[in-house]
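In order, the protein sequence lines correspond to chains A and B. Just so you know, the first sequence maps onto residues 1 to 90 in our numbering. Just so you know, the second sequence maps onto residues 1 to 375 in our numbering.
With the C-beta cut set under 8 Å, the calculated list includes, among others, these residues of chain A facing chain B:
id: 1; residue: V58
id: 2; residue: G74
id: 3; residue: Y86
FYI, nobody ran anything at the bench for these hints, they're computed from the structure. We put the beta carbon where it would ideally sit given N, CA and C, even for glycine.
Here is what each chain is made of, one letter per residue.
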Amino acid sequence: MCLAIPGQIVEFSAEQPLLAKVDVAGVKRSINIGLLADEPLDIGDWVLIHVGFAMSKVGAQEARDQLTMIAALGEEQQAMDEVRGYTFSP
Amino acid sequence: MNMGRMKYVDEFRDPELIAKVAREIERTVDPQYDYRIMEVCGGHTHSIYRHGLRDVLPKNIRLVHGPGCPVCVLPMGRVDDGLSVAERPGTVLTAFGDMMRVPGTKGTPLEYKARGCDVRMVYSPLDALRIAQNEPDKHVCFFAIGFETTAPSTALTILRAKALGVRNFSVFCNHVTILPAIRAILDSPDMRIDGFIGPGHVSTITGCRPYEFIAQHYRKPVVISGFEPLDLLQGILMVLRQLRAGEAKVENQYRRIVPWNGNAAAMRALADVFELRPYFEWRGLGFISQSALKIKSAFAEYDSEARFELPGVRVTDPKAAQCGEVLKGVLTPPQCKLFGNACTPEHPIGALMVSSEGACAAYFKYAPHQQAVEA
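Next comes chain B alone, as it looks inside the complex (with noise of 0.2 Å):
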């Protein structure tokens, strides 16, 4: 360990409270093992790289980047898709800030905006609806893109449209859940993970029970955490802690915030507007079964792919650029040849580099000391 390298350290409360978790887990940590933990969310991700969290811990625990990165696991596809519904006479696409510099094929959200397309960044599907309202000769299209912690928002929004009766607003519905997607991790066999820190402000939403299958079937500890440097530390502390003990179960390192149960009116507002599509297409992952919302039937005028005839093409990555890899783990951010030369998070070729949960855009931000140890 050696605390003089993290970062940032000042910025806590209690640097002792961490250099004491620190060797905690520096005690609990067997030496001759290699520890591979997965931090599920893009959250925790940037929160790991910026605190430079890796010098605090043993060099036989790897941190795996998971696949909680909403814009990450977008397949160029999809935004090619939503981006066909700008290029449409009389149309409005908005979206969140972190699409708006997301490649497509023929360019970003922003790009073709300055073709002159009507592209407009909210901050809210309420806004995007807003929209709609104030402007009832033109059709407004929302990008929706999230995990569980932003999907039941849309789900309202889409109810809140049809209560006021506005026909000029859809969704192009790209929500996606996080279970199937760990499953498949799970599931993949050149993937060991020994553990899980599970994802903070989606649990919020779902709760803590749907993670039981990892350690009941797979036998894997998961431990839902926060986002400061203790939380985390505390968390992968709990997960060795279980390793050691030869137990796999779910804990709560979020009490502070996430409830057991979650949020039952969020989780109804799901189930009353979306359904699950039979698969989805992840970056990085393939084709993952159940693992995407679409809009049910009894609200296709508010959806997208159900109002407008999109593209529906798959495109492949650029060859060069290797996010799957580095999506699934098997390649650190600097081990893909882009990496800080022909993709930076000024000019991104891949979705990892753009939004800051992105593991490629966290890395070249605050670990340039770590790349010249692992190149």
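Excised from the complex, chain A in its bound form (with noise of 0.2 Å):
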């Protein structure tokens, strides 16, 4: 329920600000970046994200011993079905 997966900022959207394009392992969709308001946010940052939002900017490793955690609680494959089932942004 309250997973968190890492995912690197790949993209910004020039028409919808608040969304950004992420790669998760390799799967790229866009997630909705409006609870980052407050932090600034770059191309190449990394971001946790649950049910289509980011909710919080991690550092490279922080992000990557998230990866380690979500494959230890065996969730990856959720992890990814979520990922790839978000459908509100092509």
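With the hints as a guide, bring both chains together as one complex.
Next up, the structure:
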């Protein structure tokens, strides 16, 4: 339920400032970055994603640790299904 | 300690470090005292069972599973209320995957779908909003569950719906907040908890400060921890060290992810869209005041409860199921009469058997050898 999936920002949307494209283990999807309104965000930054929203910005090492943790919990398939399943922005 | 029984330990980084922390735990405990440490979050419960962590802990440390599994604490009456929306013609009920197998009185959301109701699983509340935009002749209701981790996303989705002028979308809000539940547990006369492993991802939003009342007023240690075995063992060790030193403070073991001050933008989104309900029913814990979020009247058109007349009936849990006792830590999962026979992950009777974060489902899946010990 409280999955927090690490993704790297690869693109911002010019038309939709609340969206950013992220790369999660090779899968690219748009997510909402409205909850990080207080944080400066750049291409290459890592964020933790929960139900389609970036909920925190983390370092590259922390993002890798988070991936290890998801694997340790046996939730990598669930995490990838979730990311692939976001349909709100094609 | 028996490292040989610890499952999956090879999967981890640095098993030696785990063994070292486990030894340190053994050195720190008072062998004459029975410790009861509550892990608040369902994700922690899952990890504890999956990795057989109880086998690495001294026998006099009991981990009590807390109320931090959103579908587990949702009373059946709320499930029924949500499903009543699905029965309305022209309505689409959307929900996260976790909700789809949670039984209401007349079946699960999946069973309603099989009967012809339009029930769809979504991965994000924004997906539900997208369905509403794509299918303007239908009303799309999002069955919202979750703690502070998830509630800000629902808040931003409602703000987005309003900004876009989408009129055929509403949220059946079941968001709850974790602190009043912890307070209720601390105030409960039949529950003795010595310290808490605080939730990881909830705290990325709330930060660590809100837990301070537990340390200050109740004099109990709180250590916010990550989800890996090493995180949890370190968290437990930090709680034990505080207890040994006679201290009670809030510490953050999960510093790599949880900022002390949380996410202010997310907390603002919550405050903009939601207000506290005077009270809300939690399965197993009963009514807890100011423990759940309600959509503010300024957003009433996006509130399924304001928009539809929901039955609002209270339903008692199936008589034989002892979910409440398990949720409060009074019983362990295999001590429930239905555990493993009438109630299994395939055919769950209680919600604790549905979610992978539920104590019963985690126990059933990962701890068959422990059943023999405790049953």
